[in-house]
Amino acid sequence: MSMHTVIYTLAFVGGFVIMSLELLGGRVLAPYFGSSIHVWGSIITIFMLSLSIGYLLGGRLSVKEPSLKKFAIVFLMAAVFLYPLVYYSEAVMMIIFEHVEDPRYGSLLASGMLFALPTILLGMISPYSVRLLVQTTEESGYMAGRLYFVSTLGSAIGTLATSFYLVLYFEVNTILGGLTVSLLAVGVLAIVTHRRGLPS
Amino acid sequence: MSRVFKQSVVLLLSILLPGVSYARIIHTERSLYSTILIDQRGSIVCMQFSVRREQRNQSCRDANDPQRMVFTYSKMMMAALLFQPNPQRILVIGLGGGTVPTALAQLFPDAKISVVEIDPAVVKAAEDYFDFRETENTRVIVSDGRVYTKRALARKERYDLIMLDAFNGDYIPEHLMTREYLEETKQLLNPGAVLVANTFSISELYHHESTTYTAVFGGFINLKSASSSNRVIITTPEGTPRVDNLSERAASLDALLRPYDVKLSGYIDEFYKKPDWNTVARILTDQFSPANLLQSK
Numbered sequence: 513m514s515m516h517t518v519i520y521t522l523a524f525v526g527g528f529v530i531m532s533l534e535l536l537g538g539r540v541l542a543p544y545f546g547s548s549i550h551v552w553g554s555i556i557t558i559f560m561l562s563l564s565i566g567y568l569l570g571g572r573l574s575v576k577e578p579s580l581k582k583f584a585i586v587f588l589m590a591a592v593f594l595y596p597l598v599y600y601s602e603a604v605m606m607i608i609f610e611h612v613e614d615p616r617y618g619s620l621l622a623s624g625m626l627f628a629l630p631t632i633l634l635g636m637i638s639p640y641s642v643r644l645l646v647q648t649t650e651e652s653g654y655m656a657g658r659l660y661f662v663s664t665l666g667s668a669i670g671t672l673a674t675s676f677y678l679v680l681y682f683e684v685n686t687i688l689g690g691l692t693v694s695l696l697a698v699g700v701l702a703i704v705t706h707r708r709g710l711p712s
Numbered sequence: 010m011s012r013v014f015k016q017s018v019v020l021l022l023s024i025l026l027p028g029v030s031y032a033r034i035i036h037t038e039r040s041l042y043s044t045i046l047i048d049q050r051g052s053i054v055c056m057q058f059s060v061r062r063e064q065r066n067q068s069c070r071d072a073n074d075p076q077r078m079v080f081t082y083s084k085m086m087m088a089a090l091l092f093q094p095n096p097q098r099i100l101v102i103g104l105g106g107g108t109v110p111t112a113l114a115q116l117f118p119d120a121k122i123s124v125v126e127i128d129p130a131v132v133k134a135a136e137d138y139f140d141f142r143e144t145e146n147t148r149v150i151v152s153d154g155r156v157y158t159k160r161a162l163a164r165k166e167r168y169d170l171i172m173l174d175a176f177n178g179d180y181i182p183e184h185l186m187t188r189e190y191l192e193e194t195k196q197l198l199n200p201g202a203v204l205v206a207n208t209f210s211i212s213e214l215y216h217h218e219s220t221t222y223t224a225v226f227g228g229f230i231n232l233k234s235a236s237s238s239n240r241v242i243i244t245t246p247e248g249t250p251r252v253d254n255l256s257e258r259a260a261s262l263d264a265l266l267r268p269y270d271v272k273l274s275g276y277i278d279e280f281y282k283k284p285d286w287n288t289v290a291r292i293l294t295d296q297f298s299p300a301n302l303l304q305s306k
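Heads up: the protein sequence lines correspond to chains W and H, in order. In this text, residue positions in the first sequence follow our numbering: the first is 513, and each later residue adds one. In this text, residue positions in the second sequence follow our numbering: the first is 10, and each later residue adds one.
Bound conformation, chain H alone (with noise of 0.2 Å):
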């Protein structure tokens, strides 16, 4: 009764007062695999996979400046660049609004970007209300990403980046969280390769899938917000990315990305630090992977 009465001021409040930021919910949509609501705040359109509060806001697009990247996590999923400037064959597990798909493919016109996402409601949403546009290069695969990835990986395909957001919302595919499943994402990285992952800072799981990624991959680099539960991994086939001018990199990068509102400088102060995590956590495996459970505690 209550949250009905809340909503019903919302809107009266959003018609009566347009421009004031109170957010308005332009499109709900139960789908297949999630609740997928749209939400308009001012001039920003925000995608969410969930109801609950601490978990909203999944993917932003400011309509008045649509390059600008509202969220930190598709900022620090940029800096993936650092380590492969020029990426011409990019997978990306999860489309969510598209955001970072089509910052790529703008930063990198002939670059052909293969996007796998579940839902059809997802990409139908994207173009709807976040603008995103199949075309020549960029194409979208509705698909469960470990299916892709097998599939590819028969298929011989390789990759200079591959990007793994796939982790949003209430549920998260279990699947995709396995030694097995970074195994076959790990022979897909062409050498020289990056892969940058979108997951948790918080709870249980993140200590699990510290180890787990430590196990594949040998290191990585841990991108932390402050602001959100979210963390970033940056890996490479080859172990943690490191570069020697790793600071001038990022200022020639920086100059690129303003438009995206993206600064890599800030970044790279936080990228060699060492494992908070618990080290002897059980690695995720097909076998053993409770990672909504571990979530949860």
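Chain W extracted, bound-state conformation (with noise of 0.2 Å):
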């Protein structure tokens, strides 16, 4: 495998956790702010806001000496930011039922608190997938091209599949748990590729 489809794979998985999280978001708040339009509007702000905020810090990160390896990082902390939601998300959507009354401003707190951690992360994704593939200012926009396909492709099927079969077979803590290991085992992937110094 070489190094660019190891980095496409990573791209394409990030692409996938993040529109399942998404999805999986609503689900979770629910039972608590109802499934409104504006549950939806407080999920999908929180998300485009951590992932305008992950793009700044990756394309920052990127800057110097980018490595497989602090890519790999990335990942990993992402599943550790994520996966605790199956332990918190009650207590903490508990809190801010009690002492938020309007299920808008509820629903958009309890998402900041919930998703926007993972999301910060996984949308570091992109511009450090970017910077790691572009290798001459000619083909910059090519690659950055392709790279935006594969992520966006992964956020497309990562939508489908979780909203038309995984919602029917899995609980959500269940599907939360697979995301997680998704996200350590490309996290590994990087790290092992990494390790053995394959050619671009």
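Errors might be hidden in some of the hints.
Said to hold, decoys possible - Coverage of chain W stretches by chain H, computed from C-beta distances (three or more under 8 Å per stretch; other residues unrestricted):
#	region
1	607 to 617
2	645 to 659
3	677 to 683
Said to hold, decoys possible - Pairs of lysine to any residue residues, derived as SDA-like cross-links and limited to a Cα-Cα distance of at most 25 Å, are as follows:
#	chain 1	residue 1	chain 2	residue 2
4	H	306	W	671
5	H	165	W	607
6	H	306	W	677
7	H	306	H	254
If you're looking for bench data, these hints aren't it; they were derived computationally from the structure. Being a predicted model, the structure only gives us computed values, none of them experimental. Glycine included, C-beta positions come from ideal geometry on N, C-alpha and C.
Put the two chains together into one complex, using the hints given.
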């Protein structure tokens, strides 16, 4: 497996996890804040905001000595921030529900508390991937285009798989576990690739 | 093209032949949550939340006889009164045309009735076309049913009768079908209180919903209508509702409910039948609730 293939695989998984998590966010919030349009508004706002911050941070991180190893750490940290949702989301939502009467701001605050951190980390993936892929100025647009193709395709498939099939067979927490394992697996793949020093 | 043509013909006929039973659409509105369609067929005005024919006529009112309940499911829901003949605090989740809350307000003038409806456009349509009115004792709260239930629990509210009627139209609110939601609702019930739910009798969802109610309440009365895809669940925090003098109660309630065209004695033979669902179907929970996908199966 070439280094490029590894990076594309990582970007695909990152895109998949972002949208799967976003859809599950609706499920997680519904018992406390309902499933009205404002709940989706809150979720999408937080995801967009977190991704924008992630892009900024990912680009920034890529400037100094970029490596697959650092890239892998982003995935491992995303997994570390994602999985605890299974344990603390109920408690967080309960506290917010008790203190914020308006379900619009309640759901906005809850989305922020639950989903911002992992999503910021997932947002760092795209700019960092571009940095690892691009060798020359001429190919930069081409590489960025291909990378966004792969990661957004991952998002599309993540959306479809989660909403059509995964929720029909698995519990929300099980799917969150699956996403965590995927992030850990590709993180490890990146580290192994880094150690082997595969050619690009 | 052909639908537009059909509608034009229907419209034309209904103008040319007033009083003839062609449904005339008198109001349509795309609200935040559904498409609200009000149509009139002779003296009967109906509210629908879907354009799919098999899901039509969610709530109807006969202008010539406004008390008469047009739909079987609203009549079946009144069977809850057999087990709680004098409810003083009533919670209704889902307003629709307001037929059932209006009847309850007339039957129990001193009862406090809270109606929770998510869609402000439905409240307005009920007022405009169904003569529904908020009063001192009947109040409408625009809120998600689940959110209202959680808030009511925190305020330690308790009810004698809870009616769940939020499952109309194309989309099922999946967070109102789960074990956790039913447990929260159960906690809102006084001892001896009754929960009645208007739900589904077709599709895979029937089995999952039945096992979920069984898991939370222990058992329930399952009332199905031959003429529609509705089924009504009646249960209590103590399990399947039972009284000794059921037929006497039905007879005396029938007299009271005559203006509404409700005959409860016709239902009591159906009450204690064996489960006709798959009793090992997976229970719906906040973690697992693909109700809309199951409904389409």
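Verification of the hints:
1. Beta-carbon proximity to chain H at under 8 Å applies to 3 residues in the region 607 to 617 of chain W; the threshold of 3 is reached and the given coverage holds.
2. Interface restraint, the region 645 to 659 of chain W with chain H: violated (0 residues with C-beta to C-beta distance below 8 Å; minimum three).
3. For the region 677 to 683 of chain W, the proposed coverage by chain H is satisfied: 4 residues have a C-beta within less than 8 Å of a C-beta in that chain, meeting the threshold of three.
4. As the CA atoms of residue 306 of chain H and residue 671 of chain W are separated by approximately 21 Å, the hinted pair is consistent with the 25 Å bound.
5. Distance hint between residue 165 of chain H and residue 607 of chain W is fulfilled; the C-alpha atoms sit about 17 Å from each other, no more than 25 Å.
6. Proximity of residue 306 of chain H to residue 677 of chain W is assessed by CA-CA distance (about 13 Å); at most 25 Å being required, the pair is judged to hold.
7. Between residue 306 of chain H and residue 254 of chain H the CA atoms are separated by roughly 41 Å; this puts the pair beyond 25 Å, and the hint is violated.
Of the numbered hints listed earlier, those contradicted by the structure are 2 and 7.
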